[in-house]
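Engineer: Just so you know, the protein sequences line up as chains H and X, in that order.
Under the working numbering, read the first sequence as residues 221 to 690, first letter to last.
Under the working numbering, read the second sequence as residues 6 to 1069, first letter to last.
In short, the hints are calculated from the structure, not lab data.
The structure displayed is predicted, hence computed values, not measured ones.
Mixed in with the good hints there might be a few duds.
Quick list of simulated restraints, FRET-style, between CB atoms [what the hints assert, rightly or not]:
hint, chain 1, residue 1, chain 2, residue 2, range
1, X, V795, H, R554, 37 to 47 angstroms
2, H, T264, X, E1040, 49 to 59 angstroms
3, H, I594, X, L788, 30 to 40 angstroms
From the three backbone atoms N, C-alpha and C, an ideal C-beta is built for every residue, glycine too.
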Amino acid sequence: MATTPPINQPLITGQQSYATIDESIGRLVLQQRIHPRAWWIMATFGVLGTCLLGLSITWLVYQGIGIWGNNIPVAWSFDIVNFVWWIGIGHAGTLISAILLLMRQQWRNSINRFSEAMTIFAVMCAAIYPVLHTGRPWVSYWLFPFWNIMAVWPQFRSPLMWDVFAVSTYFTVSLLFWFMGLVPDFANLRDRATNKPAKVVFGLVALGWRNSNQHWHRYEQAYLLLAGISTPLVLSVHSIVSFDFAVSIMPGWNVSIFPPYFVAGAVFAGFAMVLTFAIPVRKMYKLEHLITDRHIDWMSKITMATGLIVAYGYVLEAFFSWYGANTFEFALFRHIRWTGPYSWAYWMLIFCNVVAPNLFWWPYARRNPWCVMIICQFVSLGMWLERFVIIPMSLMNNYLPSSNRPYYPTFWDIAMYAGTIGFFTMMMFLFIRFLPVINFFEIKDLLYKTIKKGNPAVEPVETVALSGGG
Amino acid sequence: MESNEKKEQTRLDLTAVKGKLAGKSGKKYWRSLEEVAETPEFQRFLDDEFPNRSSLAQINRRDLIKFMGASVALAGLSGCRGVFLPEDKVVPYVKQPEELVTGVPLYYASTVVMAGYGTGVLVEQHEGRPIMLSGNPDHPASLGSLDIFSQSETLSFYDPDRPTAPMHYDLTEERTPGEELVGDESTWPDFTQKLEDQLKEIKDGSRIRVLTGTVTSPTLTSLIQGFLAKHPGSRWHAWEPVGQTNAHLGTAMAYSRPLNTAYDFSQAKVIVALDSDFLSPAELPGSLRYARQFANGRRVMGSGGDMNRLYAFESTPGLVGMIADHRWPVRAADVFGIAMQLASELGVPGAQAGSVPAPLGTAIKAIADNLKENSGACIVVAGPHQPAQVHALALAINAALGSIGKTVIHTEPVESTAVGGAVQDLKTLVADMNAGAVDALFIVDSNPGYTAPADLPFADAIKKVKFKVQLGNNEDETTDLVDWHLPMSLPLESWGDVRAFDGTASIIQPVIVPLFDSRSPLEFFALLAGKPASGYNLLRDHWRGKLPGDFEKSWRKVLNDGVIANTSATPVQPPAAQLSGITAPPMVQGTEVVFRADPSIYDGRFANNGWLQEVPKPLSKVTWDNAIYISPDTALKVGNGGVVSDDLVSLQVGDKTIVAPVFVQPGHANDSVTVHLGFGRTRGGIVATVRTEREGGGFNAYTIRNGGVGYIGGAVLSRVGGQYELASTQGHSPLNGDRIIDERDVIRDFTLAEFKEKLAKGGEEPLKPEDAPSHEDIAKQNLFPEQVFVWDGPQWGMSIDMNTCIGCNACVVACQAENNIPVVGKEQVARHREMHWIRIDRYYSGTDENPQATWQPVMCVHCELAPCEPVCPVAATVHSHEGLNQMIYNRCVGTRYCSNNCPYKVRRFNYLNYSDNQPNFTDRLEGAVFNQSLIPGPFHTPHKTGTELLRLMNNPDVSVRGRGVMEKCTYCVQRINAARIEAKKAGRDIRDGEIVTACQQACPTKTIVFGNVADKNSAVSKIKADPRAYLLLEEVQTRPRTSHLARLRNPNPAIPATNTEAQA
């Protein structure tokens, strides 16, 4: 087999200057006509999906969660599957912005902004479920510790309680981190905007950023601190989500490998989603010089690496169900996962999460955007199936065989899931339209470093004084 | 600021106080030293009307506006109450009835009637409403237990479909086919007027007929006879679709006169059931008593005790077959041959050897030997759907074994309507009607329009009758054929009497004034006879002079006891049984169809009762539907490649065909088909008449039942394509719900011999309660002492003896009645959301041709280390110090995590607003007024819709759970609390046996025992120390408070375990 030479291109390609960067990123926000028909199609799709979500939620709150297919024993199904899936998707953003920052990985600069946005919107989608899947959503605020005349506190032993803190912390920190990074870019947009409303709005959210040395100093410190806070969150949030299952006593849930395996799975799903978004968007807006093939290549590698960790998790889970000599645990594998009416989900999961990502060993697969796109879709589907296998399929199988009951989703289960996808799409495309999708100043910083290194591939046309955002 | 404003308190001058008090004595009281000192503070305190409040004047303008704003905002919030929470009205009594303490129930002895036979009950009445029934321990047919039919009487009583007023139908009105006849609401005086006119017009008494079901009531009998006597020549007909007719015909065949047969299972060591499900209330009126006696004969405690032995020959697997020690699936038509073979083995005079397959022959020989060894202590019992010949043979065998008078007791028939008496049958009536010989027909509590034999043209014949009147508690198919439908009062609201299976008369005592403008059968016949009177007077008039001693005194005792003492029928010594005249019943060709009363809704009379529709049928666990039950082998032979459960097939008998889904029932006889009667109703209420796959409703098996027989031959099954989903609560899915996989220790099941051997070998001596390790000892062995649940005060626990559980569902319905458990409907059951707090798990073992089943009732086991508790994020499920795992409904937000983490899956979730959301009923009774002048109590609310009538049934001691809330068995915490209050008032501890849970109370076999496990001498502690006791899923370390006791079987060693095949 002939070896394919590694991509040796820099992280920014083409003839670039600060001005061209300002232009190529800023025009997305400042010029309406730049947005192709595809934007309208996607945004419409997103709005329609959001309408469907609104409709589903209205009917759900009016009628009760009996509109879903959940039953006894399968009391959790699409609701928690989707919750875990969305939370997982958010993880790539945090990993890219925090851990890669601390590791001084320059290539994160062009992808961190939209992956952070992705994190926030994914957590929003996820947060819908724990609130609305409760039987009485109007009292779900009782999950928060608040002063009340009932003189009762939440039950801190419950993993659901830990979820409340994990997810709300995650959302808050991610939002702060994202907003913080946006401030210098807001200032840039404020300075470059030509119409009054944009000037005013960006002026307000820029919080008086004047690009002073002192500002930059404070900014760097704060950003680093937030990155430090975010870093443990990458590991903790999904570990805690996995406790929902690992802490329980149900066969298929009570698995001690869950925390690391969930975290790896989250990063796996997250990178797949980042790629799913990055590939069409860089094409649509001709951003290939900023999100280069090299980025795609590296992200594919991370996807595969985390995929291998997940695969290891699957192997160990199955092995210990046998080795652990727990009758109930092994029966689950034998009668529900490997055979039985739902085993297709398990085997499809193995294909999507174990077989498909291994194509990335082959460099061609990592460089062909179509190929990457398809594999990433498999990964997203596979990660959804993984939660389906873990949650409803484990619950179908019980200690007392008399309680074994199948589960079938209803229209509303699927509608609400489709609705969250629509909402996510809508938010992402609104984000593209109204906020800088790539970080101005970090790219400029990268450009500066690239030029300093004297990379011949980049030919600066001119060097302009740093204006606005960096 | 504040410190400046603080007024300087006048210091208390103690010297001055001392001076003032010096030398004082006598009755001059003082409250405080301040008072004596007469400080200004105290003076102000005295002067101020509300001393400890901040004066309004102290509030400044800003605060006032703040408070006002907040008040307005909060007032707005209070408007949300009606949105999410029910709006309550509290109305006090204006005139408090005597004896009534609000919140404390009253109990009255009464009787409920099931197909003519009485079961004694104690009615729990809360503020004037009958809420819950429990068995009357003094009543011979109850012994304190209740079956599902009697238990669900309260729901039938509050049925929103009950007719509210007499209805007149103009049958001459032109109608397009299928159009429902609309009646005119009428009144009783109008009807009376019409009645008088009609009776005057009919000169010839023989043109007047009365049609009833089985009647045992002495008063009703005398009233009917009085009416008949008034019209010489008039006749009384009786029709019961499934009843004891064959048994009476059997005695008539053997003894030349019909006799009643009752059994005494307490004395029986060997029992042979010839296609008889004597434990099922749908089969025999005395089944509750029989079940108790039978179970007592099997109760093994410790290593001692012996068990009776039960052999069953069955076509349809039933309760008897599943508890039997030996069971053979045989076609109903083959039972005669088996009985004959058994009789000849026993040397019964006149019996010829039958032709049975060889292995069965050896088994019958062994049975005969076993019976002979136990002469006088054995019973052979035949099923009511078996022909008279089988009954006669059974009697002859019993006689040959010397059982008559010992375990089999004959009396004169307790039914006024028994065959061979003056009362004639439906066939004669139809013939007379067809001949135009009938002018007036009075149908009382019978539905021949639906239940009449398929080959009897009742519906056509009745058209020739001029004046057709029906008295019934629901409008039904017969109502389509009559001129007048009159509402009938139910036992809970009217006076009456009824006999039990053994002839004991008991009183039906109302506990509420009739809800609607209805009449009881007694009042109706008094009205017919032209002497309208109240049921109370009619009843007293009948019994006056018949009670010993002073009537008023005896009457009070009768009302108190519910039972009229010494009224059971006197045993008669019948002549020697004659077998000479017995000819074999007609041979059945091809596949036979067995018609059985439905185990849940009987012959259809309970079809409008949601509790009974939703209670899973004992073996198939199917709800809301009937099905064509066939054996796995027969299923393979239908169509090309066979059929599976849910496949639609057509069942053709002669020229009549029905299309229905199949249920493949392991253990069913081959070449035999069972259909249950009672479904496929076209009129009879909103629950009864649902006829869609989504809502259930089944098919009408009466349409192929010629001659009202028990079984019929020549059936042809063929597949018609398509499926119909049956909603079953266990198994019936591809997930192995019927069997225990991986040798899990879920069911413990031994033969008696094995068990005794195991005890002897393993040294597992039965523990005496005082030797059992104490909770503290066990706790000391624990590596994590902090995890040990502290036993402080009484500790509640339960035991369930799987050896005596017959799977009859009585506990399920009793729990539903006690705990306000909603009915969810077929669609929700199919989604696995049924709400029963108890389920009776059924596990098969053995082959599919003839499996054994073990019942395992499972409800919340109240784990000491309950896995549901730590996972609830809002602490809505917590442990009480008495060991109850409590569910705090108000706190529950509905995350359902508790259910996920429950290894027993006993938690139930209100996925929808089940308790209140009965869309079918909301428009029922719209505008209809309850008999409001009659309804006592504070709930009196006119213009209520149907749902609200159902609400009257709710037990006020138990919260009604709304949507989105988890619920589960509470060990009947309301009863525990009631007992605790009583004990506290009396200053004593709660006594053992003082608390009886609803399931325990209903259980006919006393399988469930509840009590304080911290008390070593309590009944439950003793049972828990039994060597058969085990904790379900003990390996999960949940430490359940409920113990299950292993099932024992007592097979005959002379019959190899493999001898189970009865058919060639």
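Engineer: Indicate, hint by hint, whether the structure satisfies it.
Structural biologist: Hints and how they fare:
The beta-carbon spacing between X/V795 and H/R554, approximately 41 angstroms, falls within the hinted interval of 37 to 47 angstroms. Between H/T264 and X/E1040 the C-beta distance comes to about 56 angstroms, which sits within the given range of 49 to 59 angstroms. Distance hint for H/I594 and X/L788: a CB-CB separation of about 54 angstroms, inconsistent with the stated range 30 to 40 angstroms.
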